[in-house]
Amino acid sequence: MTPGVLIATAMLLPVAGAFALLFWDKKPNVREAVTLITGAATFWHVYQLLPLVRSGLRPRLDLFEVLPGVQLAFEVEPLGMVFALVASFLWPITSLYAIGYMRGHHEENQTRFFFFFAVAIAGALGVAFSANLFTLFAFYEVLTLCTFPLVTHHQTEEAKKAGRIYLGILLTTSIGFQLLAIIWTWVLAGTVDFTDGGILAGTASAGVLSAILVLYVFGVGKAAVMPFHRWLPAAMVAPTPVSALLHAVAVVKAGVFTVLKVAVYVFGIDLLATLSATPWLAWVAATTIILGSLVAMTKDNLKARLAYSTISQLSYIVLGAMLANEWGIIGGGMHIAMHAFGKITLFFAAGAVMVAAHERNISQMHGLGRRMPITFGAFFIGALSIIGLPPAGGSWSKWFLGMGTLEAGQVGLLAVLMVSSLLGLYYLLEVPVKAFFFKPPADAHHAEGIHEAPMPMVIAMVVTATATLGLFLYPDLVFELMAMVIPGGAQ
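For reference, each letter of the sequence shown is one residue, going 1 to 491 in my numbering.
You can take every hint at face value.
Restraint ranges, calculated between C-beta atoms of paired labels, are given here: (1) ALA415 / LYS26: 53 to 61 Å; (2) TRP283 / GLY190: 26 to 34 Å; (3) THR466 / SER363: 24 to 32 Å.
I should point out that these hints are in silico values taken from the structure, not numbers from a laboratory.
Please read these numbers as outputs of a predicted model, since none were measured by experiment.
Every residue, glycine too, gets a C-beta built ideally from N, C-alpha and C.
Kindly produce the complete structure, drawing on both the sequences and the hints.
What follows is the structure, given as structure tokens:
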């Protein structure tokens, strides 16, 4: 199978699987088998591209020219390979979890859910494999539109309101800011192709290029940099597997991936380091990191707490891009993978508690760890990764981000990373501590009859928690791919 066919197959499989699900609507077992088989096949095809990328090749697929010099085209480079591997691997795992969740929670419209979930994965792969800004923007918008029905899945007034906020912020930022930045880039550079070293150097004054950089950072609303973050906590009204999709598999990762890709392949880190907007945007990201952590501490609802944690953690990646050096880029790219596995484990655990114990608030989880030890054990592992502590993978990405702040001479930003981790110790570890070491209140309705969530949910949690530990022991692949993003960088 040629590289171009591999790219096309990897992207078309989720779409084909989505329409197959509609055909098997009345046979849930077959429908769910199709979901899992399609997910596994998609990952296999993405994985087949890995040896080519590791050897230094960049598999490419050109479809057609949209405008003179602007093509709908795909090219697999190391950063995109990281994102594609994460998204395609976690899709069948999340689907397995969703099967247990949707059945255990007696959700309606399950076929519609799995249909749009599959299309969202195709959108995420389109973003990951984009060869230029036009292709990236097109699939970025596809991802927004196909996840809207997932956010509004319950069709309640609360869900519809959340959907309006979701679409309103993401479309306004992408069309109002990001698209303007792309057009401006095309006018100045004469191309929108992603190129090693960037395409904007020498095309305009530093002030103009700084303005374009600001448009890109705030135009990528999926990165949830404050003040364009409200869509993320609003979307928590959706079923927990959707939260996992938003936070770990596709949506927010597409946002921070876009910021990193623009930093490396549109501006180039040498140019980025000279712009006056770069350190200012780094401090905007740092502010988001701290404020997101502080708000998370105030939330009793577990999913809301995790949502604000995600807002904080995403800005680690934006900060890595704005450090404009090799360690910042490596740390930011590695955090895409490390955060994905840690955060999806946390959301899996939150959904398991809701299905098995019908609890959403942390204050009502005292003693639950004794009845759901696997769930809260997995939560503990995921929390270690988000905080940045061994033996979880997040310790590596945060270590390299810290090295990036020192390389940039930004001790204040290093302090921000350390303070954020200290805040994470409180707002994340509070959950397993209360679950394992606090006695349930006398009137607690979960005192009797509670056990672990349905087996598919437990299996998915164990897989992602184990992978989180595995990424600490074996971070080499992710590090190798990210080192290849910087020509002549760390090897």
